[in-house]
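Undergrad: Sequence:
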Amino acid sequence: MGIDALIEGWNLFATPLAIGMTIFGCFFGLIIGVLPGLGPLMGIILLLPAVLHLPPVAAMGALIAIFVGGSCGGAVSAIVLRIPGTPIAAATLLDGYPMAQKGRAGEAIGLAISASAVGGILGGVILIALAPVLADFALRFGPPEYFALTLMGLIAIAVVGREAPLKGFITGILGLLIATVGTDAISNAQRFTFGYFELSSGFHIVSIVVGLFAVSEVLFQVRGGGLTDVPNVPRVRISLFSLVLLFKHPFNLVRSSIIGTFFGSLPGAGGVISAFSSYAVAKAQSRPEERYGEGAEGGVVATEAANNAAAGGTLIPTMALGVPGDASSAVLMSALILFGYFPGPELFEQNLDVAGGMFLAYIVANIALAVLGFLLTPLFLSVLRLRKVHLLPLVVMLSVMGTFALQSSIFDLWSMLGFGALGYFLRLYGFPLAPIVIGVVLGPICESNFRRSLLISRDGLSIFWEREIAFTILSVTAILVIWGLFGKGTSRWLKQKFRRAGDKVG
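Numbering-wise (the UniProt record's numbering), the sequence shown opens with residue 1 and increments by one.
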């Protein structure tokens with residue numbers, strides 16, 4: 001990204017409101033990430049309705065910071081309680097928990113926080129370095145290329161739902177069907193409104209995501225019981241000595257950040273594969289005396305640097321190509337659309353200053369992560385002592401208030417509750433929810449660009465293979481289909497490595 005674009009982005013971001021919201025978002029993300037079962041996605045969803053009335057860069061800074069803080073926060077409960085606050089933190093407990101058992105919990109948490117922050121900053125630098133290439137690439141895009149890109153994002157449904165590809169495909173189709181409700185963008189015809197005026201603009205994306213994830217999570221937690229249980233959380237003090245420990249592993253830190261950025265940029269891969277892949281590489285390159293799986297500092301560095309760098313990597317396909325890699329990035333993308341900015345090549349062509357402001361917000365969020373993590377870890381540990389019976393009503397209250405505040409609409413509340421019930425029953429039978437969000441967000445974009453392409457070519461499909469970029473993207477999409485259906489060997493291998501390492505920890 002050019003200096004001029006960064007300066008313009010900084011001018012948008014460098015306001016007390018934007019910086020303050022970014023710091024608050026990081027703080028909120030850390031708290032949400034620490035609590036098992038919630039995580040950054042829940043944090044983004046809960047804060048989304050509140051930030052829609054803010055300037056775009058300030059709002060997106062807060063949401064990106066939640067993504068950053070939540071990705072790191074899960075390591076705290078993983079190290080102290082051997083309960084990952086987020087799926088990403090499952091790799092961190094392999095060496096973080098053994099360090100805690102040896103009386104080094106403070107060092108392990110400090111190492112995790114500092115590795116996450118530095119890894120995230122390195123990922124942000126890579127992100128900014130790639131921006132000029134993406135901006136140049138953006139100038140060559142028309143409706144056929146946009147269609148090919150969004151189709152690739154929809155195919156990523158099978159990748160996101162890789163544990164059960166068929167179920168992921170089914171929920172993705174459900175998301176596409178939900179997206180068809182409302183007014184047709186090309187013909188202006190009403191579709192599936194059944195005479196209800198409230199449905200003329202379709203279901204609001206916030207009602208959908210809050211219901212599917214927040215409300216269904218509350219129902220799931222209530223069903224699981226243990227509402228009055230209080231975890232036994234030890235008192236831990238964080239030492240700045242962790243920074244010294246971090247820079248004993250410079251090569252591991254840089255390598256893991258690159259691995260995290262790479263896997264984060266692949267739709268459907270995300271932080272979990274990034275963390276376990278980085279851990280596997282670090283373990284393979286380690287010396288025997290480091291004893292990975294028994295409290296090795298390098299294991300914590302590898303996993304935490306990779307997972308926060310992956311958060312930056314996820315912004316590459318989300319912002320530059322309009323292809324969200326997971327549910328969190330799909331919600332970030334939908335928030336950007338609500339502000340009137342369309343992720344993809346158009347963003348880099350017409351709103352490069354906004355993209356620059358968001359990239360800088362990501363780097364500032366990682367700096368805030370380091371400061372808040374070291375200063376407020378005792379507070380985050382005290383949050384772990386909250387009973388579910390007190391926490392879950394708070395989640396419900398925030399969900400209801402945030403959804404109603406959008407348009408002061410009772411219909412939005414009923415929609416939220418309906419999608420909450422739908423999400424609960426889908427989860428009950430093992431259906432993934434992320435593909436629904438991806439289908440809702442990308443479906444209208446894919447449809448409108450497909451129809452515009454047909455108008456250009458006078459109803460001829462040849463336009464999609466006559467244009468080189470569109471044909472290349474569609475070819476990559478075909479490879480994604482094959483990988484989604486048959487390429488499950490890597491996931492099985494990573495799970496086996498995790499189980500073996502977990503057995504050693506146990």
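For the record, the hints were derived by calculation from the structure and aren't laboratory data. Just so it is clear, CB atoms sit at the ideal spot from N, CA and C, and this is done for glycine as well. Be careful, since some hints might not be right.
[Said to hold, decoys possible] Each pair of labels, with its calculated beta carbon distance range:
#1 451 / 291: 58 to 64 angstroms
#2 350 / 451: 37 to 43 angstroms
#3 342 / 379: 35 to 41 angstroms
#4 50 / 195: 29 to 35 angstroms
[Stated by the list, open to error] Listed below are the simulated DSSO-like cross-link pairs for lysine-lysine, each with C-alpha atoms no more than 30 angstroms apart in a straight line:
#5 248 / 283
#6 102 / 283
#7 248 / 102
Undergrad: State for each hint whether it applies.
TA: Tested hints:
1. 451 / 291: 58 to 64 angstroms: holds, 60 angstroms
2. 350 / 451: 37 to 43 angstroms: Given range 37 to 43 angstroms: violated, Cβ gap about 22 angstroms.
3. 342 / 379: 35 to 41 angstroms: holds, 39 angstroms
4. 50 / 195: 29 to 35 angstroms: holds, 33 angstroms
5. 248 / 283: Answer holds: residue 248 to residue 283 is near 16 angstroms, not above 30 angstroms.
6. 102 / 283: With Cα atoms ~20 angstroms apart, residue 102 and residue 283 stay inside 30 angstroms; holds.
7. 248 / 102: holds, 20 angstroms
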